[in-house]
Every structure is written in C-alpha cells, then in structure tokens.
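Chemist: Protein sequence lines, in the order shown, are assigned to chains A and B. In terms of this note's numbering, the first sequence has 416 at position 416, counting the first letter as 1, and numbering is strictly consecutive. In terms of this note's numbering, the second sequence has 39 at position 39, counting the first letter as 1, and numbering is strictly consecutive.
The set of hints was computed from the structure by calculation and includes no laboratory data. One should not assume that every hint holds.
Said to hold, decoys possible - With a straight-line cut-off of 16 Å between C-alpha atoms, the simulated EDC-like cross-links for lysine to aspartate or glutamate are:
no.	chain 1	residue 1	chain 2	residue 2
1	A	LYS300	A	ASP345
2	B	LYS242	A	GLU390
3	A	LYS347	A	ASP308
4	B	LYS239	B	ASP209
5	B	LYS239	B	ASP213
6	B	LYS239	A	GLU390
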Amino acid sequence: MRTIPTLLPTLLLMTASTAACVSGTPGGSSGDDEVVADGGRFTPVGCSGEILTVVGAEAPALGADVLGDAPDPFQVHLGLGEDPRTSIAVVWRTDEATTSTQVRFGEGAALDETAAGVTYRYIAGIAGTGDLIRMHEARLCGLSPDTEYSYQVGGTDGAGVESFSATHTFRTAPDVGSDPDAEVTIAMVGDSRGGPDIWAQLATDIAANAPDLIMYSGDAVTLGQIQDEWDDFFEGATELIANVPMISAHGNHEVNSVNYYSLFAMPGDESSYSFDYGHAHMTVLNDSPPQNGDIEGSIKTFLENDLDAATARWTILNHHRPLWSSGTRHGSDDSLRAAWGAAIDEKHVDLVVAGHDHIYERTAPMLGDQVQASPADGTVYLVTGGAGAELYGVEMDFFTAIAESRHSMVIVQIRQDSLTLRSFEPGATVPFDELTITKP
Amino acid sequence: MIARAAVVVALVLAIAPAHADGDDGAAAFRAAEQLLGAGELEAAQAAYEAVANRYPDGPWADGALLEAGELAERRGDLDGAIALWQRLLDDYPTSREARRARARMGVVSRRVGEDGAWVELAEQVDAIQRAEADAEDSTPHAEAMTALIASHPDYPQAFQAQMWTGDTWLRLGLPARAAASFAEARATADDPAERWRADKAHADALTADGRLDDAARAYRGLYGRGDVEDRAVDTALAKVAKIRQRAKLRVLSWLALAASLIVVVASTARATRSARGTLRALIRPPIEVLYFAPVALVLIGVALTGNQVVGAAVQRILAGGLITTWLVGASLEASRRASRLRWPIVLLHLVVAVAAIASVCFLAVFHDQLIDMIAETWAHGHDMH
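So that you can see chain A by itself, here it is in the shape it has in the complex (with noise of 0.2 Å):
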C-alpha cells in the first residue's frame, strides 16, 4: 500500500490535529455543541492504517453510547482501508445526534464478533453553509482472505437498545500467493451525476454480475458540496454498495470536497493511493488536485515509485480526466499525457481508466502516441464516463479501438494470464464490447 505523504498538506484537507486521534480515546460531538471542522486521524486497533478525516469534518472519534432520534443506519457501503485480504473499511450515516458506532460481523452468516468505529461530522454546502452530517466508519482488520462475511452496522444506547442495520455481507480479496488461480471481478463505471435513474439500473446490473469491488472514475455528482446529490448516488446503489466495496477516483466535479473524503473509505490518502487486489495492482490518481502542479510534481513522483514498486501479474491506473479519448467534448488531455504517459509506457500498465467525457472508448493498445498491434506491446486506454451523466458526441480518431455515445458500465475478470473485459448497456444482458488479454 503506497501513499503520497508530500500530497497531505498541499491537499490542505487533511491535519495534523494528532491530539484528537488517540486510539480508545471516546469522543464524537453531538447536539449543539460547537463543530471544531479541522480534520484529523484515527488508527483503529488492530489496524495499520488510518482513518483520516479532511478540513471541514471533525476529527474522528470512538463513538459514545449515544442514539439519537433517528438512529437507523443509511447508506450503509464498503470500502478499502488497508490490505483488502484481510480488511475492509464500513460507513454509513445516520440523523446527527447518533454517536455510537458499532459493527457486528463474522464469518459466513455468524455474527458473532463486534468492532468499534468512529464517527465525526462534515459540514455540507457550499463554503460551509449546508448541513451537519453524522457519519460513521469501522475497520475490520484481521480478516482471514478469500472469505465470506456477514455484518450489521448500527450502535446502542446506555440503556442497551440497539440500533442495527438489515445483515449484509462481503468477501475478502483472494490470497494469490497460496491460490494463484483465484479470479477477481471487479466494475468499472463513472460520471453518473445528473442521471440518478440510470445509476441505478447501473447499481442493478453489476450486482448481477457478482463484483468483488466496484471502481468508480468520478464525477459521482455535478457539484461535490451539495449533500442531496450524494444522497442520489449512495441511494441509487443501496444493495451493491452494502455487499460490494468500492473505491473512487477523484473526479474535478467533486471539488476536492470534504463530502467526497468523507463518504468513501478509501486506502491512504484516500486521494492518490494504489493496493493490491487479486493479480492486479490497482493505482488510483487525483488528477484535479488543489495544487495543479502536483500532477507534474508529487503525484507523477507517486505514479513513477509506485509503478517501480509494483510486482502484480496486471497493473490497472484508475483516474478522471482520459489520456486518450475521441469525445468531442473533452477529448485527450494532452497535458496529463505529457505528465505521466512515460511512465505509463515504461512499465507498461495493462490498463488506463478514466471518465470525464460521458462516452465509452476503448483504444487501441498504445505506446507513445503510437497504436501498436498487440496489448503485449501497449497500455489499452478505457474511457468509461457513461453512468448516468448526458452523454457526448464522439469522433473516431486515429487510436479508437471503439467509442459510442452510450451509457455503460464495464465487467473486469482478472485471473492469473487473462485479463476479459465486457462492457453492457443499462438493462443489457449482451456486451456490446468484449476484449480479453493474455500474458504468456
């Protein structure tokens, strides 16, 4: 698991407010009390890594034995915190007064283990003047891999009632070191603001395609302040998102919002981060930072170290803005080009995802500005921007392999030597794009 520690603070979000993350210590404001917005950390027992939380959330905090009016957990969805063999990140919400935050889990359909999580408040809206709003989050570390668990969220008061959520369940990542034939699924999709209803029949059919992790390339809403477009995203996708952990890409219409880092659970600095899943090594960037000199700066640094570090079978790159696309709108973003494409060509990354321009692209395999004949001598580019978001007009270009103006949303099977994708329209049961690439 690799981060950029440089990015934390040009990212402005995240503080080094350390007093206020002592693990066990309990906390979490409720009520009237004052909302001291500064962001801060948490180190869960039992966990390596971080709960972090940006400027414009509280710090968080163990939870009190606190159950508000309204205490019934929404939005309940996965994410990634460390080592997704072993870990997995839980969030969810509820009314503003509910501070205790608890998980029930087990193996298979047991529930027989508890973890304690933490919970803080964000303000939303536009500088500051929206909503508090309550969330929660838990790490469960420790995890046996490639194992089915279920789990309810929810907290109980000092007079023991209790306050769950229905049981859902996930699987950890595959251990590929002791089961080096084990498959990963994983759902590629993005840019699904403004389309709620098609999101959601989105959110429906790759439930029916049973992902291990959902990949999101950004722009989940058109403005990443405004609290009620979230909730249409979160909503549109309730059942996936509780069973299926997913991780996103920061996409430029979320602002670098403190709503965005305060939804997703994601590995380090939730920004920039990379991890292994199955045989593919996974590298999320933020290509719309605060800072835009990062991305020439320490994000590219990030993408070269980790790259250089990684020793996956695959190596897919997640981000927003696309290196490659025939979308009339946008179309290729030649200074990220300029900015990373060596290095995407240097250590041959399989795969490129990215959204922005509401269209579905698939490349040619490129190297330079140079369509080669095989995936073997290329990095094939994916722009996947059809979640909901009104779709752009495209033009083939000289390295469109295929791009259509359609909604979609893309099936990623990885194993070992293969690497299949498939992407389908809403409501579709035939993929109006297949390709599969093998390695040797």
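Could you slot chain B onto chain A? The hints should help.
Modeler: Quick look at chain B alone, frame taken from chain A:
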C-alpha cells in the same frame, strides 16, 4: 467447427503436462486462456471444460467451469451455460467462483424462464443484441427486436428487450421511435420501479423529440415515488424549461440576423438608389475586412488546435463576425460615398452590428451544448472542465 475445437482441446491436453510444474491442470487452464485471448471462443470453452473433466480435484477446475459457462453464454448457448454453472455449484459450492456463478445463473435463469421455457427466444434476443454491437447501422436490429417481442408479448424479459430497443433508437437519433418503444416497455413492466424507469425514459425521449409540453406533463406524473426519483424529475423539468428558453432565444437570434440583413440591404439601397449599385457596394470589401480577416484566420487556426467544440464555435463566431463586418462596413461606406452618412444612419448600423454579432455568438455556443460548458465554467470555475 466442433471437430476443430476437439483437435485444439486434444492438443492442449497433450502439451499441458509438459509445461506444468505438477499435473494439476494449470498449464491446460493457461492454454485455454490463450485460446480465449485469440478469440477462439468455442475452442476455449471446450478447453476449459476439458480442464474441469480431467482435473476435477485440481485448483483450476472451479475456475474452468465458471469460464466455460460464461463462454457458453457469450456464444448464445444459455442452457449450456446454466448446466456448467450448476455443475460448479454442485461440485465446488464454497469456492470463490461459486458466488459469481450463482449470480450469473440467477440472471440467465430469469431470462430463459422456468424449465427453460423461453430459452430459444432469449437466445434470439441475445443474437440480435450481439449483431447490433458489431453493426455499422443498428436500425435493422432495433426493428428485428421490436418485431420479435411483438410476436411474443408474454416473454418475461420483454421489458428489458424493449428498453434496449428504445435506447438503440435514441442512439440512432430517432427519439419518436424510442418513445414508442419505451411506451411498449411500460406496458410490460413487472413492478413500480420498472414502470417508473420506462415512464422516465419515455419522457426523456419526448424531450429529445422536441415535444416539450408532452414531456413536461409526463415528468410531472412521475412525482411521488421517492426523494431520489423526485429530484430526478426536478432536474428533468428544469432541463425542459431551459430547452424552451433556449429555443426562444434561438428563434430570436435567427430573426435578428434576418432583420439585420434586411436593414443593411435597405440602407445600402437607399444610399445607392439602384439594385445593381447595392450589389456592387456590398460585394466590395470595406477596409475593416482587410484588418479583420487575417486576425480571424489566425484565431480560427489557434482554436482548432484545442477543444473541438470550442474550435467549431470560434469558427462560427469569426465567420459571422467577418460577414457582419463586411456587410455593415460596406453599407456604411455606400452611405458615406453618397454623402448620406448621418448620425442616425451610423447608430442604426451600430445597432444592427451588435444584434447580428450577439445572435451569431448565441447560435455558435448553442451548438454542441457549448453553452452548458460555458455556464458550468461560469458558475463553478475553470476546473469543472
């Protein structure tokens, strides 16, 4: 083809042990993957099945059955896919692959109906969708799907097929036909969520077809299902209002351009007192054009190196600006030559030029939804793009 697949499988199994560390099926599985990568779907399926048959206790057998089932589905053999996945569930019920097989089998089983009663029709639906995916023109496939479902109105998956047809018509730029397909889908919807989805798609198609009153009425009928859905309706109705407003501005712009042209011609005719003189005056480029033309050409060249949509708009604006400059300048010049250049004439030409340029600019940014991009940038800053 079957014989070819059998030969491939025999070769795969014959060479497999030679490449494997142990004879557990790893090399045979890898060989099947290579066939898949080469697009040899039938041979790959046979090779995966051979792995499961020959190495049932090996670590690759469950994955081989999952892949074989998915290849059977891709090849349109839905019964075969279900049988392979069922075998995976029976023989390896706790494997990682079983979870995915269970999900895929659920979807395919719903498509073929109880006891496989609809398997033939489901395979025909798949065949149409596959053919469409590879086709240059989707029209015959959308028509084929419409006809197929019309002749089997009881098909349990008629809703999905009709929604696919509607989406295909939309992609073809035929919203009226899309609206008809979505209306048919609504009639076969099984539950309120499906009905809402079909009604929303129908209203969206009406919007795309320019039937804004019908669309607004249809959207208003969608309120009340839930907060998320109501916000989607709010967004759709706001879009209808925006389209109406822009349509009015578009008509006004064209009228302003026409009026500007008439005023310029009339003013020139008044100065030259003859049709031929008017034509001669307007054909002759005024001095302003000599300055403006090269600047416009450079700007167009620069714009075309950047965003396509912006480049096209810059072309239109500068072309419109050049024409306006030419005509208004020529008309003013004609008045000057006729010693009729008075302040009211100058002001009139100024108003005409401003109206024409404003109209050209609006029509240029209206194209390709550039106006939305400008509005978002204006509201939220450059980073939004």
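Chemist: Evaluate each hint against the coordinates.
Modeler: Comparing the hints with the structure gives:
Between LYS300(A) and ASP345(A) the CA atoms are separated by roughly 13 Å; this keeps the pair inside 16 Å, and the hint holds. With a C-alpha separation of about 15 Å, the suggested pairing of LYS242(B) with GLU390(A) holds against the 16 Å cut-off. Straight-line distance between C-alpha atoms of LYS347(A) and ASP308(A) comes to about 7 Å, which keeps the hinted pair within the 16 Å bound. Distance restraint check for LYS239(B) and ASP209(B): the Cα-Cα separation of roughly 14 Å lies within the 16 Å cut-off, and the hinted pair is therefore satisfied.
Under the criterion of a C-alpha separation no larger than 16 Å, the hint pairing LYS239(B) with ASP213(B) is consistent with the structure, at around 13 Å. A hinted pair counts as satisfied when its Cα atoms are at most 16 Å apart, and LYS239(B) with GLU390(A) qualifies at roughly 11 Å.
Against the hints set out earlier in the document, no violation occurs for any number.
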